[in-house]
Structure formats: C-alpha cells, structure tokens
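Undergrad: Okay, here's what each chain looks like letter by letter:
Number of protein chains: 2
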Amino acid sequence: MKVLELNLPVTSENDREADLLREEMRRKGTLLINLMSSPGAGKTTLLSALIRALPEYRIAVLEADIASSVDAEHIEAFGAEAVQVHTGGMCHMDAQMTAEAVHAVSVKNPDLLFLENVGNLICPAEYDTGAGRNIMLLSVPEGDDKPLKYPLMFEKSDALIITKTDTLPYFTFDLEKCAGRARKLNPGIRIFPVSAKTGEGMEALTAWLRSEAAAWKQK
Amino acid sequence: MKVLELNLPVTSENDREADLLREEMRRKGTLLINLMSSPGAGKTTLLSALIRALPEYRIAVLEADIASSVDAEHIEAFGAEAVQVHTGGMCHMDAQMTAEAVHAVSVKNPDLLFLENVGNLICPAEYDTGAGRNIMLLSVPEGDDKPLKYPLMFEKSDALIITKTDTLPYFTFDLEKCAGRARKLNPGIRIFPVSAKTGEGMEALTAWLRSEAAAWKQK
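Residue numbers (numbering that gives the first Met the number 0), protein chains in the order written: chain B, 0 to 218; chain A, 0 to 218.
Bear in mind the hints are in silico, worked out from the structure with no lab data behind them.
Please read all numbers here as calculations on a predicted model, not as lab measurements.
Ideal Cβ placement from N, Cα and C applies to all residues, glycine included.
Please note that the accuracy of each hint is not assured.
Said to hold, decoys possible - For the chain B half of the interface with chain A, some residues (derived, Cβ under 7 Å), not all of them:
1. S67
2. V69
3. E141
Required output: the full structure, derived from the provided sequences and hints.
TA: Written out as structure tokens, the structure is:
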C-alpha cells in the first residue's frame with residue numbers, strides 16, 4: 000500500500016481573537032460550550048433534552064449551518080433563544096464568526112451559551128472558537144473506530160458524549176474499545192454515554208454541566 | 000430568530016485541473032468514482048461489498064483520510080489495490096491531490112477507480128476532483144433532513160445511496176420524504192436504498208455501476 004502525505008496550510012491569529020472572546024465570556028459569567036460532531040449525530044436532539052433538563056439556567060443557542068434554519072426553529076420551539084448563523088459553505092466556526100453570533104444574542108448574560116458547530120469532525124477541531132468548553136458527540140451508528148480516523152477532534156474535546164446508546168443492540172459498537180481509543184488520545188477526556196430518547200445517562204451529563212457552569216462563574 | 004449570513008472565499012483553477020484529469024481517465028477507459036458521505040456512513044463497508052459483487056472488473060481504491068490507514072488496510076484485505084492519501088488535516092480532495100493519487104496506482108487502466116473522499120458532507124462537494132461520477136452516501140441513522148442542511152452535496156451527486164436500510168425499524172427515517180427532498184434539489188439524481196449487511200438493494204446498484212462503466216468506455 001502506498002501512502003501519500005499532504006500538508007494543511009496553517010491558519011493565523013484566530014487564537015488571539017478566541018482568547019479575547021473567552022475573557023469576555025468569563026467576565027460575564029457565561030459558559031460558552033462548543034458542540035461538535037458529524038452530521039446527524041444528534042446535537043439538536045441532545046440540546047433540546049438539555050434545555051428541558053436544566054430549567055434553572057438561562058440558556059441560549061448559536062446554530063451554525065451551511066444554509067438552513069431547521070435546527071434553530073427546532074430549538075426555539077423548546078423555549079430557548081436561538082441565533083442562526085449561515086456559514087455560506089464554510090465548514091467550521093472561527094472565533095470572529097462566533098463573537099459576531101454571541102453579540103447577536105438578546106438574553107442578557109446567559110448562564111450557558113451553546114454553539115452548535117457545523118456538522119463535521121474535521122474543520123471545527125482546527126479552529127478555537129473562544130468557547131470555555133469543547134464537547135464532541137459521537138453516535139453509536141458511526142462506529143467505534145472514529146478516534147483512529149479523526150484524532151484531533153478527540154484531542155481537543157473536554158468531553159465525549161456517545162449518543163444514541165439505545166441503538167447499541169443493532170450495531171457492532173464496542174463502548175469500552177471506543178473509550179480506550181479516546182483516552183489514549185486525551186487521557187483527561189470525560190466520557191458520557193447517553194440516549195436522549197430514553198434518558199439513559201442524561202443525569203451524569205447534566206450534573207457535570209452544572210458543576211462546569213458553577214466553576215466558570217467562580218474563577 | 001436572528002440569521003447571520005457569512006461568505007465563503009472562492010477557490011480557483013481547480014476546475015481546469017479536474018477537466019484535465021477527467022479527459023485522461025476518459026482516454027484510459029477508467030471510470031473514476033468520487034464517493035462522499037459523513038463519517039461512519041458506510042463507505043468502506045459498501046466498497047468491500049462492491050469489490051465482491053463485481054469480480055469481472057479491475058478495481059482500485061484511493062482512500063483519503065486525515066491521518067489513519069485503517070480503511071486502506073481493510074480494502075486490501077478484500078483483494079483490491081488501495082492507495083492511502085493522508086490529507087494532513089484537509090477536509091476534502093481537490094483535483095490536484097486526486098491526480099497525484101491516481102498516478103500512484105499500480106494496476107494498469109483499472110475499469111473502476113473509487114475515490115473514498117474524506118468523511119464530510121461539506122468541503123468535498125465544493126471541489127471537483129475530476130471524477131467521472133459523483134456518488135454520495137447517506138446512512139439511515141443520520142436522518143432524512145440532510146438534504147435540507149447540506150444541499151450542495153445533493154446537487155453535485157449523480158447518485159444517492161441510502162445505506163444501512165436494515166436499521167430503518169429503529170430510526171424515524173422516511174425514505175420517501177428523503178428522496179423527495181433530494182429530487183427537489185437535483186431532479187436527475189439516482190437513488191439506491193441499500194444494506195451492505197443484508198445485501199438488500201445491492202443488485203440495482205451494481206447493475207447501474209455496470210451500465211455507467213460501459214457507457215464511460217464507449218464515449
């Protein structure tokens with residue numbers, strides 16, 4: 000087998016803008032959470048479940064999509080404000096785009112501000128958005144080999160949410176193997192297997208989010 | 000709901016290189032097929048099934064991945080030559096990268112040359128690779144709303160293969176609705192629901208591939 004190695008052009012000065020946004024969010028006591036995954040891994044469904052499970056928080060959502068506003072409409076139906084960002088074909092959100100969206104939110108200093116990044120396991124991992132926490136979703140149907148194929152996403156994430164666990168009986172997905180591969184890339188990663196459909200695992204996830212939101216306000 | 004519109008920087012001169020590669024493939028009688036999908040939609044599994052189902056063809060595979068060589072090893076185990084391309088973080092293949100990979104294939108003038116593009120519904124649709132046919136896979140667990148969210152991919156594809164149809168009972172995926180949304184974007188798109196696991200729908204797909212390969216050699 001032949002292997003060709005190609006190179007990625009390096010991006011610039013995004014990190015400085017990301018740090019500025021993170022500082023601003025820190026001052027305002029808003030934990031900005033960057034949610035990343037493949038298309039169809041269940042980001043919007045999970046967000047709807049989290050909005051219901053965390054009624055004591057002011058929550059707003061930034062929805063990044065190539066073109067449609069389907070997800071933002073869905074989120075607003077659950078009672079949280081949503082700002083829809085159309086990335087015009089761009090496969091990720093960078094810090095400047097995120098800051099623009101953050102400043103379009105009407106709710107004053109929300110406790111939790113979720114950025115639903117573009118559905119993609121590659122580009123979003125390459126750009127610091129300025130979020131306080133990075134969370135990735137991997138759905139059971141995608142397969143347990145994804146840490147081998149998209150390592151950067153697993154390295155950059157504070158938490159890995161394994162979604163659609165209710166479908167485990169129908170796929171050959173080894174939870175232990177997947178967790179082991181993720182921890183090999185990122186020993187500190189928090190792993191939450193959940194099913195938004197059955198509610199399984201949601202309590203551990205919401206407990207962690209509560210503690211992260213509290214820690215963010217203290218510092 | 001607020002909607003922010005951002006703009007994509009336009010790419011250049013890739014189209015000319017794509018046309019040159021397509022011409023070369025035409026002269027050699029090799030149908031280059033660009034396979035695109037989300038991560039985990041089943042490109043490698045489908046390719047393995049096609050290699051088995053089309054023993055009368057010389058087949059080679061170009062595997063594009065960020066980093067790993069998992070898929071190429073899998074394909075070689077099925078008896079077809081595989082060239083692994085590591086895109087170095089790049090989220091798509093362009094025509095120049097594809098030409099480089101094509102020229103690394105040892106098999107002389109294969110009948111079918113599959114490019115398994117990077118797992119991503121966005122960037123690969125934006126770059127003409129020089130392929131004679133573009134095929135996208137959408138797996139049932141990803142959801143039937145994907146044509147609404149990633150329209151360009153559906154517009155650019157000659158065929159849509161809906162994979163993992165054996166899991167239809169476990170998901171709320173409406174085949175008719177999905178097909179209708181895809182045809183609204185691309186009236187001529189061919190649609191093949193298949194399960195590589197049970198073999199359902201594979202015959203219609205291989206019949207179409209045979210007729211496309213024959214047509215490519217005639218022109």
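Undergrad: Check each numbered hint against the structure and report the violated ones by number, ascending.
TA: Structure breaks no hint.
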